[in-house]
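Protein chains: 2
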Amino acid sequence: MKVLRLGHRAGRDDRISTHVGLVARQYGAEEVVFCGQNDSGMMESLRDVDDRWGEGTDFRHSDSWRPEIREFNGFTAHLTMYGLSLDDEVDRLRSKNLDELQLVVGSEKVPREVYRHADLNLAVGHQPHSEIAALAVTLDRITGIKRGFDDAEIEVEPTDGEKRTRKP
Amino acid sequence: MKVLRLGHRAGRDDRISTHVGLVARQYGAEEVVFCGQNDSGMMESLRDVDDRWGEGTDFRHSDSWRPEIREFNGFTAHLTMYGLSLDDEVDRLRSKNLDELQLVVGSEKVPREVYRHADLNLAVGHQPHSEIAALAVTLDRITGIKRGFDDAEIEVEPTDGEKRTRKP
Numbered sequence: 002m003k004v005l006r007l008g009h010r011a012g013r014d015d016r017i018s019t020h021v022g023l024v025a026r027q028y029g030a031e032e033v034v035f036c037g038q039n040d041s042g043m044m045e046s047l048r049d050v051d052d053r054w055g056e057g058t059d060f061r062h063s064d065s066w067r068p069e070i071r072e073f074n075g076f077t078a079h080l081t082m083y084g085l086s087l088d089d090e091v092d093r094l095r096s097k098n099l100d101e102l103q104l105v106v107g108s109e110k111v112p113r114e115v116y117r118h119a120d121l122n123l124a125v126g127h128q129p130h131s132e133i134a135a136l137a138v139t140l141d142r143i144t145g146i147k148r149g150f151d152d153a154e155i156e157v158e159p160t161d162g163e164k165r166t167r168k169p
Numbered sequence: 002m003k004v005l006r007l008g009h010r011a012g013r014d015d016r017i018s019t020h021v022g023l024v025a026r027q028y029g030a031e032e033v034v035f036c037g038q039n040d041s042g043m044m045e046s047l048r049d050v051d052d053r054w055g056e057g058t059d060f061r062h063s064d065s066w067r068p069e070i071r072e073f074n075g076f077t078a079h080l081t082m083y084g085l086s087l088d089d090e091v092d093r094l095r096s097k098n099l100d101e102l103q104l105v106v107g108s109e110k111v112p113r114e115v116y117r118h119a120d121l122n123l124a125v126g127h128q129p130h131s132e133i134a135a136l137a138v139t140l141d142r143i144t145g146i147k148r149g150f151d152d153a154e155i156e157v158e159p160t161d162g163e164k165r166t167r168k169p
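Chains A and B are the protein sequences, given in the same order.
So for the first sequence, this note's numbering puts the first residue at 2; every next one is plus one.
So for the second sequence, this note's numbering puts the first residue at 2; every next one is plus one.
No wet-lab data here; the hints were simulated from the structure.
It is possible that part of the hints are untrue.
Pairs involving identical chains hold if they fit within one copy or between any two copies, as the list cannot separate such chains.
SDA-like mimics (lysine to any residue), calculated; alpha carbons at most 25 Å apart, straight line [claimed, not checked]:
#1 110 - 73
#2 110 - 15
#3 97 - 45
#4 164 - 42
#5 110 - 13
#6 147 - 89
#7 147 - 61
#8 164 - 99
#9 147 - 114
#10 97 - 163
#11 168 - 67
#12 110 - 42
#13 97 - 146
#14 97 - 142
#15 110 - 16
#16 147 - 93
#17 168 - 92
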């Protein structure tokens, strides 16, 4: 599964894009691609998380969303509040092979062409929304929460009252 | 349902806190309370969304999380990657009356006392995470996507290819 984040602006979008990356990783994305400005610092911090907490999501920059969408060999769903309802479309997404799924999340201004080039425009609610939340809820509906990350240096020891970690 | 956002810093946290507010509203929160700095501009922009898109979530500031948690008449779940698994605990949350549920989302440093004062520390995955995503997924599991917002001036006309809105 691939996640494509549009229109990243270094500085202004650091934290939002980082959250997009963390969500994608947490639900097992193989690849997260950031379009817009090339923000090596942000990607480095995501790679650091991946190194420590395990598994292996690739984070990379792309100059343009066009080849990422046009040349993707699979099904591309663009998450937007203007799209069709997730409740109605989730079975279509679940029927896809995860390797063949690309989820696109926008920035403040998404070019019209993205709407047209996507195979599906998908709304997690038709209200002003968070692209982070839209991505998380869509992935939660498709795959559920992933457990077990390979090659981690550290993992959480779940408790109901404090912060506890351990070596796997 | 009430959402409590800890440790807001004006400027630095504007967008993250705004996303928290939008997610809470989208899933039908009655009240969203921001602790930390009093950021009237951010709250005003959330109120504007609520006025245009309907329904009526209250957004307010609080000087301290203590009375918000201690005096809440119901069940408080603090969302943290160190907590117990949502998969295991979701039925407990669903069994609560929505009016009696408070969800707490943190900032970078959450005081230990919050862990102790919460009725439940709840993890949406035990990986480095997004508080926006954690809130969205928890609410999606409890209530699902809300449809129909009363008293809206505008609503989305869902399509699979463009941005279209209409008057309700």
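Indicate which option fits the pair residue 110, residue 73 if close means a Cα-Cα distance not exceeding 25 Å: within, between, both or neither. within (22 Å within a copy, 40 Å between copies)
Intra- versus inter-subunit Cα pairing at 25 Å for residue 168 with residue 92: neither (38 Å within a copy, 30 Å between copies)
As a check of your reading, is residue 164 near residue 99 (CA-CA no more than 25 Å) within one copy, between copies, both or neither? Answer is neither: 33 Å inside a copy and 28 Å across each miss the 25 Å cutoff.
How would you label the pair residue 164, residue 42 (within, between, both, or neither) given a Cα cut-off of 25 Å? neither (27 Å within a copy, 34 Å between copies)
When Cα atoms must be at most 25 Å apart, do residue 147 and residue 61 count as within-copy, between-copy, both, or neither? within (22 Å within a copy, 35 Å between copies)
Within, between, both or neither, where residue 97 and residue 146 count as close if Cα-Cα is 25 Å or less: Both: 18 Å inside a chain and 22 Å across chains, each within 25 Å.
Intra/inter-copy verdict for residue 147 and residue 114 if alpha-carbon distance must be at most 25 Å: neither (33 Å within a copy, 29 Å between copies)
25 Å Cα threshold - placement of residue 67 relative to residue 168: Neither way: residue 168 and residue 67 sit 42 Å apart in one copy and 34 Å across, limit 25 Å.
Checking an output row: residue 147 and residue 93, CA cutoff 25 Å. Within, between, both or neither? So residue 147 and residue 93 pass the 25 Å test inside a copy (21 Å) and across (21 Å) alike.
Up to 25 Å CA-CA - residue 42 versus residue 110, copy category: both (24 Å within a copy, 22 Å between copies)
Are the CA atoms of residue 97 and residue 45 at most 25 Å apart within a copy, between copies, both, or neither? neither (31 Å within a copy, 42 Å between copies)
Within, between, both or neither: residue 110, residue 15 at alpha-carbon 25 Å: both (17 Å within a copy, 19 Å between copies)
Violated hints, listed in ascending order, are 3, 4, 8, 9, 11, 17; each of the other numbered hints is respected by the structure.
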